[in-house]
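Protein sequences, first through last, are from chains A and B.
The letter at position 88 of the first sequence is residue 88 when you use the working numbering, and the numbering goes up by one with no holes.
The letter at position 109 of the second sequence is residue 109 when you use the working numbering, and the numbering goes up by one with no holes.
Calculated from the structure, these hints are not laboratory results.
Treat the hints with caution; some may be incorrect.
Each pair may be met inside one copy or between any two copies, as identical chains are not told apart.
[Stated by the list, open to error] Calculated lysine to any residue pairs in the SDA-like style (CA-CA distance at most 20 Å, straight line):
#, residue 1, residue 2
1, Lys33, Leu43
2, Lys75, Ala134
3, Lys33, Arg165
4, Lys75, Arg22
5, Lys33, Gln51
6, Lys33, Ala188
7, Lys33, Gly177
8, Lys33, Asp180
9, Lys33, Ala45
10, Lys33, Glu198
11, Lys33, Ala14
The primary structure of each chain is shown beneath.
Protein chains: 2
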Amino acid sequence: MASQEIEALSSALARLPGLGPRSARRAVLWLVKNREGALPALLEALDAVSQQLVECEICGNVDTADPCGICSDPKRDARQLCVVEDVSDVWALDRARLFRGRYHVLGGRLSALDGVGPDDLNIASLMDRVAGGAVDEVVLAMNATLEGQTTAHYLAERLESHPLRITQLAHGLPVGGELDYLDEGTLAQALRARRPVE
Amino acid sequence: MASQEIEALSSALARLPGLGPRSARRAVLWLVKNREGALPALLEALDAVSQQLVECEICGNVDTADPCGICSDPKRDARQLCVVEDVSDVWALDRARLFRGRYHVLGGRLSALDGVGPDDLNIASLMDRVAGGAVDEVVLAMNATLEGQTTAHYLAERLESHPLRITQLAHGLPVGGELDYLDEGTLAQALRARRPVE
């Protein structure tokens, strides 16, 4: 029904998470209707990002500058290093605006199943950063999955010989979580890590 | 948190129907992760559409060619003309693959409230097409809204003097519609237009 170009745009949009074939078609139609305003704006934004995206050589974050905005921010505490699996984790943690240190992106997690070993992750560069002696604390912020926790354990062992504090994110009830709906693993962690009431 | 360019892309995507700020951010992240494959593909598709979108001078449809794919398709019956309010209606009707004639896009509906009069719509070009005498039937496929039906009535009156069949879409129960859940207007139309069982 529509031209080849319009169909191609529809398929390209349908690949985005959160959009299916139907909503992609609606989005294309909306872009066609707004071809004077929103379409060139989206094109320009996409083009700018596409041309400038680069992986930060220091931390592995992806940004439009190298070093990335976080690594080059002088207000951030270089003595605190938060190690995460993926770029998305940097964004998620930084949205909370609580951690004011810097990050290190591993680019994945150790996984025997997927054949991902230590050499496949940005671990050597993490060791280099730590070896410089400019880091006081490493926060291991892996996902609370089996593979994430395996990776955290491995890193903790590798980091042990350095004079720094190694911490990990607390496990327990998520905010708003109802006991009735939580899995046994979470409840067990929450109970084990119980704290005196302040 | 992210660079200005990434934020700009996020806002541009968030304007698409079906995507909000959160899902736009997820989409950006996904694009960042797939910056080798999906990102350039989307950019290219968007660029192609953006450069080639043009309004068909004959029918008002938006396509990447002028005349549009429908107007230039020799397999389509030029003697049947389906008049619709918007480009989206062409796409919706053509998806059903039942109508094999051509279209005419008004570019809106008559609306006293919004100050849209006959001169604001592509009515003059419709009259020209019909005046040529090459059209046997005009299907008035306006929306079943008050303004859509007002527009249909107006067009029917304007077209009356020409020797052609003027039809409109049937009103009644939608496929899968349950009486219990339908509004009284639809039920009244369905009852009024009842047909003998074949």
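**OP:** Please name the hints from earlier in the document that this structure breaks, with their numbers sorted from lowest to highest.
**Re:** Hints 3, 4, 6, 7, 8, 10 are the ones this structure does not satisfy, whereas the remaining hints hold.
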